[in-house]
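Model the full assembly from the supplied sequences, consistent with the hints where possible.
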Amino acid sequence: MLRGGSGTLTSQLKRKDDRVILHFDYDCFYAAVFEAENPALKSLPLAVQQKQIVVTCNYEARRRGLRKLQLITEAKRVCPDAVIVLGEDLTKFRDASKALYNFLRAFAWSDRAERLGFDEVWLDVTDLIDYNVQMLNQNDLTNSFFQLSSTDPTLGFLFDASTYAGSVFPFKTATDSDAELASDEMLSTRLRLGSHLAFHIRLQMEEQYGYTATVGISTTKLVSKLVGNVNKPKNQTTLVPPYDGIDANTSNILAFLDPHDIGRIPGIGFKLAQKIREYVLSRPAQFDAGLVYGGTKEHITVGQCRQLPGLDVALLDKILAGTGTPHGIGAKVLGLLHGIDATEVSQARNVPKQISIEDSYLRLDTIKELLTQLHSLSERLITRMRIDLTESLDPPTPAQGVEQVQGLSDDKWKWLAHPPTLRLTTRPRLPLNADGTRQRSFKRISRSTATPSFIFSQTDTTEMLAERLVKESLLPLFRKLHPEKSGWNLSLLNVAVTGMADEGKGGAGRDIGAMFKTAPVREEDLLGPTSSGDSATDEEEQIVATVQDDAEVDTWEDQDDESTEIDDRCPLCGASIPVFARLAHERFHSADNAQGGTTMYVKE
DNA sequence: ACGAAATAG
DNA sequence: CGTTCTATTTCGT
-11 MLRGGSGTLT SQLKRKDDRV ILHFDYDCFY AAVFEAENPA LKSLPLAVQQ KQIVVTCNYE
49 ARRRGLRKLQ LITEAKRVCP DAVIVLGEDL TKFRDASKAL YNFLRAFAWS DRAERLGFDE
109 VWLDVTDLID YNVQMLNQND LTNSFFQLSS TDPTLGFLFD ASTYAGSVFP FKTATDSDAE
169 LASDEMLSTR LRLGSHLAFH IRLQMEEQYG YTATVGISTT KLVSKLVGNV NKPKNQTTLV
229 PPYDGIDANT SNILAFLDPH DIGRIPGIGF KLAQKIREYV LSRPAQFDAG LVYGGTKEHI
289 TVGQCRQLPG LDVALLDKIL AGTGTPHGIG AKVLGLLHGI DATEVSQARN VPKQISIEDS
349 YLRLDTIKEL LTQLHSLSER LITRMRIDLT ESLDPPTPAQ GVEQVQGLSD DKWKWLAHPP
409 TLRLTTRPRL PLNADGTRQR SFKRISRSTA TPSFIFSQTD TTEMLAERLV KESLLPLFRK
469 LHPEKSGWNL SLLNVAVTGM ADEGKGGAGR DIGAMFKTAP VREEDLLGPT SSGDSATDEE
529 EQIVATVQDD AEVDTWEDQD DESTEIDDRC PLCGASIPVF ARLAHERFHS ADNAQGGTTM
589 YVKE
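Going by the numbering used here, 211 is the number at position 223 of the first sequence; the sequence numbering is gapless.
A hint or two may mislead.
Claimed, not checked - With a straight-line Cα cutoff of 27 angstroms, these simulated DSS-like cross-link-like pairs (lysine-lysine) come out:
no., residue 1, residue 2
1, Lys356, Lys473
2, Lys2, Lys263
3, Lys220, Lys64
4, Lys220, Lys80
5, Lys30, Lys86
6, Lys341, Lys259
7, Lys306, Lys56
8, Lys30, Lys341
9, Lys341, Lys402
10, Lys402, Lys80
11, Lys64, Lys30
12, Lys160, Lys4
13, Lys306, Lys263
14, Lys30, Lys4
15, Lys222, Lys56
16, Lys39, Lys356
17, Lys39, Lys2
18, Lys2, Lys306
19, Lys468, Lys356
20, Lys220, Lys356
21, Lys4, Lys39
None of these hints come from the bench; they were simulated from the model. This structure is a prediction, so every number in the text was calculated from the model and none was measured.
See below:
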């Protein structure tokens, strides 16, 4: 690294706002799942119980004083007529989450659709947005049509492209609007379209599935996630430009982020936050000793950190240093403090990378009980594998209402992935000290081995397979972890299969036809190496693109100077089209797009 | 590849 | 019992 020019703060930070990213957060998801199966619950105060606490509750319940993470006894005292349902079996939540994810995924032409937990999803809708920006008629923005498909022009919705749908940050006045457009008109247009797309998706999600969501709209994963929180539930917030000012007065990104506690920034977890606080305070940061989790802390804001004297990559690297801290952490965190986050929304996957089942115990110190627990965990693991890693091979049963666990019927099915690794994790309870006290520890230890192929049997019962798995694989792993004949005492067991790859991808299982159907043509795709768009880990599959005879393809900038008041001009060919013929004309171009071109296979 | 740790919901 | 359980990513070896 050179000193001088290349070491300055501004040279270390470079905004790149060429994406449109939506972040969905389903409103009180667990409660919503119960409401979806029993809509009568919607008007009642509803709380979902796990162990002795309310894990979530609907907004009627919150209105009556119930809170997340409240003790059940407290909840009953505050609101005696609350409906309290047990939510310890996660199956239905997982199923609903998967269904909603697949619904949302269909809107991302890039198939960049990333789930976080059960109730959050990011969509990178850049290509869909850019396609629609090209389609805009600048002379009649208020009567725009959003194309959800590049091949079926009837698929979409009417919208007003001159305004944002839903809420915006910051609250806007008419004069702000001019400043915004002057700052970056293209970015504003794209975000407006993003806001209308988000609005449409929210409506469809409620109509088709009965779920409401809170959405954030911006250009990065970081900001889209955070800005959604500004208006909730059942709402959305777009962070409007300007994005690239140098301080909170000129950049809405900085104005938005500055009041946030650093610990609220995704990517700055407990450890990093404590280190930053310690530096800012010039002493160790304390956290509330009373409660361990959600632990209270000293309030250090992004704005405070951002304005630290001498703050740059090198300083942050020094502040955050330690064994195991990620390389480049200084640059990463400096970016986050400025609302810069180049992280890509990851490609949708057909299977998870890992499945693990665990349980915790007060005391687990006998072989007999160990075998019982390992067996139980193994059965649950194999059941989950048969749900999440298999696919039915019977094509002529399209809409079968209820999914069934593979292995219990005569249906033909196949494995979608064969996890190569089996792992056993334990959490030992530390031995008693001399004074009779015992220090708590949450340290885990693990050993892994090759997954035995018998667990992929399609004929044996989970019971038989679990029996064999314990005897042949898990017990040997356990002996590696705990060689002593006795004396161990565990507070946790975890059994996992890991390393799953999307085996269907790029090969037989992948529906190339579907990609062809929805992928728009973009000239950038055909020219350079699109700066890779990264995804370094995934081997790239074949990309199908269409090449148009470009003879008379114009871009919308070229034409449309003056247009008549009565007719619209086609944004593609400039022809004057009466309103009633508009859809048909758009269909003409789409057909041209899909069929008139040459199919080209690009191998990376 | 393996095992630990950090992060997140 | 006390945050539990689950998943992803990254580091060091």
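Structure-based check of all given hints:
no., hint, result
1, Lys356 x Lys473, "holds, 13 angstroms"
2, Lys2 x Lys263, "holds, 25 angstroms"
3, Lys220 x Lys64, "holds, 26 angstroms"
4, Lys220 x Lys80, "holds, 24 angstroms"
5, Lys30 x Lys86, "holds, 22 angstroms"
6, Lys341 x Lys259, "holds, 26 angstroms"
7, Lys306 x Lys56, "violated, 38 angstroms"
8, Lys30 x Lys341, "violated, 35 angstroms"
9, Lys341 x Lys402, "holds, 18 angstroms"
10, Lys402 x Lys80, "holds, 23 angstroms"
11, Lys64 x Lys30, "holds, 19 angstroms"
12, Lys160 x Lys4, "holds, 24 angstroms"
13, Lys306 x Lys263, "holds, 10 angstroms"
14, Lys30 x Lys4, "violated, 42 angstroms"
15, Lys222 x Lys56, "holds, 18 angstroms"
16, Lys39 x Lys356, "holds, 26 angstroms"
17, Lys39 x Lys2, "violated, 47 angstroms"
18, Lys2 x Lys306, "holds, 21 angstroms"
19, Lys468 x Lys356, "holds, 18 angstroms"
20, Lys220 x Lys356, "violated, 50 angstroms"
21, Lys4 x Lys39, "violated, 45 angstroms"
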